[in-house]
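2 protein chains.
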Amino acid sequence: MSVIYQRVALIGLGLIASSMAHAMRRGGLVGEIVGTARSAETRDIAREVGFCDRIVDTAAEAAEGADLVVLAVPVGAMGAVAQEIGPVLKAGATVTDVGSVKRAVIDAVAPHLPAGVHFIPGHPLAGTEHSGPRSGFAELYDNRWCILVPNGAEEVATQRLCSLWQSMGANVEMMDADHHDLVLAVTSHAPHLIAYTMVGVADDLGRVTDTEVINYSAAGFRDFTRIAASDPTMWRDVFLTNKDATLEILGRFTEELFALQRAIRTGDGDHLFDYFTRTRAIRRGIIEAGQDTDAPDFGRSVKHD
Amino acid sequence: MSVIYQRVALIGLGLIASSMAHAMRRGGLVGEIVGTARSAETRDIAREVGFCDRIVDTAAEAAEGADLVVLAVPVGAMGAVAQEIGPVLKAGATVTDVGSVKRAVIDAVAPHLPAGVHFIPGHPLAGTEHSGPRSGFAELYDNRWCILVPNGAEEVATQRLCSLWQSMGANVEMMDADHHDLVLAVTSHAPHLIAYTMVGVADDLGRVTDTEVINYSAAGFRDFTRIAASDPTMWRDVFLTNKDATLEILGRFTEELFALQRAIRTGDGDHLFDYFTRTRAIRRGIIEAGQDTDAPDFGRSVKHD
Chain A
1 MSVIYQRVAL IGLGLIASSM AHAMRRGGLV GEIVGTARSA ETRDIAREVG
51 FCDRIVDTAA EAAEGADLVV LAVPVGAMGA VAQEIGPVLK AGATVTDVGS
101 VKRAVIDAVA PHLPAGVHFI PGHPLAGTEH SGPRSGFAEL YDNRWCILVP
151 NGAEEVATQR LCSLWQSMGA NVEMMDADHH DLVLAVTSHA PHLIAYTMVG
201 VADDLGRVTD TEVINYSAAG FRDFTRIAAS DPTMWRDVFL TNKDATLEIL
251 GRFTEELFAL QRAIRTGDGD HLFDYFTRTR AIRRGIIEAG QDTDAPDFGR
301 SVKHD
Chain B
306 MSVIYQRVAL IGLGLIASSM AHAMRRGGLV GEIVGTARSA ETRDIAREVG
356 FCDRIVDTAA EAAEGADLVV LAVPVGAMGA VAQEIGPVLK AGATVTDVGS
406 VKRAVIDAVA PHLPAGVHFI PGHPLAGTEH SGPRSGFAEL YDNRWCILVP
456 NGAEEVATQR LCSLWQSMGA NVEMMDADHH DLVLAVTSHA PHLIAYTMVG
506 VADDLGRVTD TEVINYSAAG FRDFTRIAAS DPTMWRDVFL TNKDATLEIL
556 GRFTEELFAL QRAIRTGDGD HLFDYFTRTR AIRRGIIEAG QDTDAPDFGR
606 SVKHD
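Line by line, the protein sequences are chains A and B. Residue 265 in the numbering used here sits at position 265 of the first sequence, and the numbers go up by one each step. Position in the second sequence (first residue = 1) + 305 = the numbering used here.
Hints in this document: simulated from the structure, not taken from any laboratory. The model shown is predicted, which means the values in this text are computed figures rather than measured ones. Wrong hints could be hidden among the right ones.
Below, simulated EDC-like cross-link-like pairs (lysine to aspartate or glutamate); rule was C-alpha separation at most 20 Å, straight line [as the list claims (entries may be wrong)]: (1) B:K548 x B:E560; (2) B:K548 x A:D274; (3) B:K548 x A:E256; (4) B:K548 x A:D270; (5) A:K243 x B:D573; (6) A:K90 x A:E61; (7) B:K548 x A:D268.
From the derived model, a few chain B residues whose C-beta atoms are all more than 12 Å from chain A [said to hold, decoys possible]: (8) S307; (9) G381; (10) E459.
Beta carbons: idealized from backbone N, C-alpha and C, even for Gly.
If we strip away everything but chain A, and leave its shape as in the complex, we get:
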């Protein structure tokens, strides 16, 4: 495979950026990877793990001379990074990001980028509950989706970024920023807030001791705790910057939850049964779309006879 970008700058070195570095190296997709992170500790760990060719101290140093700059910092920090790197970006460079919200990133970043730089926001739909430079691995994007928001960028530049993501294993879809934010509010942002809430409620209940909640969490709650273990800074920024869509979906959620609570209270078993039967079909669709395994319990430490 030939080199797609000569020099790539990763700004922010958490799970997403480090996994990109591993995946780019796996495929021999880029000439050189330069990385930076705000914290000296993160930079030291990244040097130790060694997934970049060079680690530098500032975003401006990393971005200077890069053909592709990847903003992999929390959404709330992107504006300041864009302001710092804007003056040093080389003409014809591409700037992209990996934030979970797209409209707010465009509003924060675009004003700081000079003419002649291609800005193509992106969002790889992959992750684990782990974060930081030690958590990355090359296979994170294999067969996952990456959404790109061309936002008027030149076709050639967009295709080049698209081909990088495909070569890292991902399927690429183009989407409008607002539509992205609504779809993600449904599939990711609202579910995360709900999981955070339920885990918080369990933590609050003094009558149910910690050990009990933990020991007896084999059922649904365990999956909620995995979701709720995600990076707090990242998620704070997601909710603050995708406010409208998230609140709209949560409004719908609350309305439906009240209807089911009423069915429980009044003993309306048919309503519950019909509702639960309908939701099974969505799961079937996800497995058929290849986005999850059909193995029971996600294949957690079980073997079949």
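Given chain A's structure and the hints, the job is docking chain B onto it.
Chain B only, in chain A's frame:
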């Protein structure tokens, strides 16, 4: 290992009962397993898979002469089964169940059992999103918890049932019925209802097409769909029979969710960050308690470098 019960009757042949059969055979724990199910199709499949020594047509036939009778039918069906088998139970036999709710099962079953029969309700905290006689496997209970509710039963009978569960791989805990129902409302029943609701909301949103919701579900939503794919009949009965505890927890949940929604609306990032940081600790506790793996994304088809 010596035989713990000579003859075991499994009434209901879904995931839980068939996994018990596989686990009992793995350990050579019982002399003979007799199974029955209400539907002829289920009985035929169970014969084909072959996890019982004999499949009979009625609960009474299965229970007659059995040393241990396991009620593995939906909670709402247990009273009728108890009424059917009560007259044929042999003196000194033990009756247990595997229902997700304990107070309602005691109320429905106990009145039908003759004196001289030991009734020890139980609840193995294990499962997958699959159901039916083909879905069972011997390892389902390995290192999972099984809660027993002795409810005044004789110590010797309780210890014998306890030893069966331990030999099937489970850790056993004794608990009062009402406390069980509250703990499970927190760790399982409320999370399931919430997952069902969120999946239902996604399904309703005409503006977000099915394919999008399915393709882009890599994040939290995918875990919700797994939970929401569980057996509709079983869950209908859980909510109808653990009504008070579930509604109480859902009330707390809604209260907390409203507080977080307000924080999003007013842009209170500190509140969100603090809340999300606190929930991370619970996840850590679950991993330390050995009830889940630390592998990213549950070890779903990813390999580490």
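Here is how each hint holds up against the structure:
1. Only pairs whose Cα atoms come within 20 Å are accepted, and K548 of chain B paired with E560 of chain B is accepted, the gap being roughly 18 Å.
2. Between K548 of chain B and D274 of chain A the alpha-carbon distance is near 18 Å, which keeps this suggested pair within the 20 Å criterion.
3. Simply put, K548 of chain B and E256 of chain A have alpha-carbon atoms about 17 Å apart, close enough for the 20 Å limit, and the pair holds.
4. Taken as a hint, the K548 of chain B and D270 of chain A pair is honoured in the structure, with Cα atoms around 15 Å apart against an allowance of 20 Å.
5. For the given pair, K243 of chain A sits about 12 Å from D573 of chain B by alpha-carbon distance, which is consistent with the 20 Å threshold.
6. A C-alpha spacing of about 12 Å is found between K90 of chain A and E61 of chain A, which places the hinted pair at or below 20 Å, so the restraint holds.
7. For the given pair, K548 of chain B sits about 12 Å from D268 of chain A by alpha-carbon distance, which is consistent with the 20 Å threshold.
8. For S307 of chain B, the shortest C-beta to C-beta distance to chain A comes to about 23 Å, beyond the 12 Å cut-off, and the non-interface label holds.
9. Here G381 of chain B does not stay apart from chain A, with its beta-carbon only about 8 Å from theirs, under the 12 Å limit.
10. Separation of E459 of chain B from chain A is adequate, the least Cβ-Cβ distance of about 26 Å exceeding the 12 Å criterion.
Of the numbered hints stated above, the single one contradicted by the structure is hint 9.
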